[in-house]
Amino acid sequence: MCLAIPMRLVELEGFLGVAEVDGVSRKVRLDLLPEAELGDYVLVHAGLVIARVDAAEAEETLSLLRKLADEV
Amino acid sequence: MKFSDEFRDKDLIRDIARRLQQLGGKPATIMEVCGTHTMAAARFGLKELLPPPVRLVSGPGCPVCVTAQEDLDGFLALGKEPGIVLASFGDMLRVPGTGTSLEKERARGAAVKVVYAPLDAVDLARQEKEKEVVFFGVGFETTMPATAVALQVAAADKVDNFSVFCVHKTMPGALKALLSAGEVKVSGLLCPGHVTTIIGAASYDFISRDFGIPCAVTGFEPLDLLLGVESILRQLSEGRAGVENVYTRAVPAQPNPRAQALLAEVFAPADAVWRGLGVIPGSGVKIREKYRDFDAQSRFAALLAQVPPPPPTACCCGDILRGVMAPKECPLFAQACSPSQPLGPCMVSSEGACAAAYRYERD
Ligand code: SF4
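Chains as they are written, first to last, in this note's numbering: chain A, 1 to 72; chain B, 1 to 363.
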């Protein structure tokens, strides 16, 4: 029920869109995140986009992880 | 998969695990609140990577598992009425109610439909105009907005044969009850990332403030989980307790304002019954008066009043949800109870602690 994988927004029309991951696509609604744009990676929950995945933050977390790994 | 694979890098996982070995001197019991965390930790074998004195225990964050038996029995009872169609997320299908399940009722001819989104149930109601479609509103704050939108759409479009059997639950109240009971000595909490996008990290401030327990808002890939554990161990070693967000790519500093407004418009806080925890004040929601016509518990109140209370069960899910028992300690685990013959919801749900232990941690 609580799918956690980021999906890419591949279609967008007003509050309605289609998100895709690994060839699986799903109709989604953007009531919570109307500012999302085509090509964004989003988290979808029960048909609703609940959050956008921020690429810059993802990169920051990865560099933090690499830094931690180097401290070993 | 973008934003997933990078956080499953095997070499990096090994290095971070080594780093944790340095931090994890003292014994620590870290509770992963969310069922998806439980599953990810089991699937990627993270328990083995943690320093030995650090223990991961499952908490009350599997929405299927915490659904109370009496609520499930009530929903199942509605399915026995002619003309009622039960719509549910697929996860609930095999959860045993008293003497039956949605799956068994469907095999006996009851109208049970699996939906992926609450709005699909509204569409179903539009198609089956002469039937009553009742959607089982299960889940935490991440799922509640989807139910709220369905209620708004049904009300706006006057889909009068749609209603919601609302057993949605809210996370902070349950955590408070769990920690106040003091049965498990929790040293740190991995807080559920996706719930937090809706309610905001500040919702956990009381845990660090009132209970002195460090929290980390954590994502769902193996490296996310290790980073969460790192945050907690570091806070412990520095003698601090705060709420750290280590899942910044998905959880912004402020919760989603539209979600907050949506939930406030449709739902009001209410007491809720949790499996294993009993009634927790203010840990659930009820559908507001404005949407009363779409509230299954009020629409079918007379029918539901006749459903007998559930008999006691030998399943230990309650103890497992409170973190006081590990799945393998249940005498029925992998004996009388298995995913093909589940005796409790923790063995059914893909996020359940017993199912995770059965699939990934049996010797
Ligand atoms: S192993 Fe089965 S019976 Fe035991 S607690 Fe888990 S679900 Fe319940």
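One thing to keep in mind: the hints can contain errors.
What the hints assert, rightly or not - The calculated BS3-like cross-link candidates involving lysine-lysine, where the alpha carbons are at most 25 angstroms apart (straight line), are: (1) B:K26 x A:K67; (2) B:K158 x A:K27; (3) B:K113 x B:K131; (4) B:K10 x B:K80; (5) B:K158 x B:K328; (6) A:K67 x B:K185; (7) B:K10 x B:K129; (8) B:K131 x B:K290; (9) B:K185 x B:K328; (10) B:K113 x B:K129; (11) B:K47 x A:K67; (12) B:K113 x B:K286; (13) B:K328 x B:K47; (14) B:K80 x B:K129; (15) B:K80 x B:K26; (16) B:K2 x A:K27; (17) B:K47 x B:K26; (18) B:K131 x B:K158; (19) A:K67 x B:K10; (20) B:K158 x B:K113; (21) B:K290 x A:K27; (22) B:K10 x A:K27; (23) B:K26 x B:K185; (24) B:K176 x B:K80.
No lab work stands behind these hints, which were simulated from the structure alone.
Evaluation of the provided hints:
1. Restraint check for B:K26 and A:K67: the C-alpha separation of about 24 angstroms stays at or below 25 angstroms, so the hint holds.
2. Between B:K158 and A:K27 the alpha-carbon distance is near 23 angstroms, which keeps this suggested pair within the 25 angstroms criterion.
3. Proximity of B:K113 to B:K131 is assessed by CA-CA distance (about 13 angstroms); at most 25 angstroms being required, the pair is judged to hold.
4. For the suggested pair B:K10 and B:K80, the alpha carbons sit about 50 angstroms apart, so the restraint of at most 25 angstroms is broken.
5. Restraint check for B:K158 and B:K328: the C-alpha separation of about 49 angstroms exceeds 25 angstroms, so the hint is violated.
6. Among the hinted pairs, A:K67 with B:K185 is inconsistent with the structure: their alpha-carbon atoms are about 32 angstroms apart, more than 25 angstroms.
7. Between B:K10 and B:K129, the direct Cα distance comes to roughly 53 angstroms. Violation of the 25 angstroms bound is thereby established for this hinted pair.
8. At roughly 23 angstroms between alpha-carbon atoms, B:K131 and B:K290 fall within 25 angstroms of each other, so this suggested pair holds.
9. As the CA atoms of B:K185 and B:K328 are separated by approximately 20 angstroms, the hinted pair is consistent with the 25 angstroms bound.
10. Pair hint B:K113 plus B:K129 holds up; C-alpha atoms about 15 angstroms apart against a cutoff of 25 angstroms.
11. The hinted pair formed by B:K47 and A:K67 meets the criterion: a straight-line CA distance of about 23 angstroms does not exceed 25 angstroms.
12. The straight-line distance between the Cα atoms of B:K113 and B:K286 is roughly 23 angstroms, inside the 25 angstroms bound, and the hint therefore holds.
13. Taking the CA atoms of B:K328 and B:K47, the gap is about 15 angstroms. The hint holds against a cut of 25 angstroms.
14. About 19 angstroms separates the Cα atoms of B:K80 and B:K129, which keeps this hinted pair within 25 angstroms; it holds.
15. At roughly 55 angstroms between alpha-carbon atoms, B:K80 and B:K26 are farther apart than 25 angstroms, so this suggested pair is violated.
16. The hinted pair formed by B:K2 and A:K27 meets the criterion: a straight-line CA distance of about 20 angstroms does not exceed 25 angstroms.
17. Distance restraint check for B:K47 and B:K26: the Cα-Cα separation of roughly 16 angstroms lies within the 25 angstroms cut-off, and the hinted pair is therefore satisfied.
18. The hinted pair formed by B:K131 and B:K158 meets the criterion: a straight-line CA distance of about 15 angstroms does not exceed 25 angstroms.
19. Between A:K67 and B:K10 the alpha-carbon distance is near 16 angstroms, which keeps this suggested pair within the 25 angstroms criterion.
20. Distance hint between B:K158 and B:K113 is fulfilled; the C-alpha atoms sit about 21 angstroms from each other, no more than 25 angstroms.
21. For the proposed pair B:K290 and A:K27, the alpha carbon gap of about 28 angstroms is over 25 angstroms, so the pair is violated.
22. Between the alpha carbons of B:K10 and A:K27 the distance comes to roughly 33 angstroms, so the proposed pair goes past 25 angstroms and is violated.
23. With a CA separation close to 14 angstroms, the supplied pair B:K26 and B:K185 stays within the 25 angstroms bound.
24. Straight-line distance between C-alpha atoms of B:K176 and B:K80 comes to about 37 angstroms, which puts the hinted pair past the 25 angstroms bound.
Hint compliance for this structure: hints 4, 5, 6, 7, 15, 21, 22 and 24 are not met, and every other hint is.
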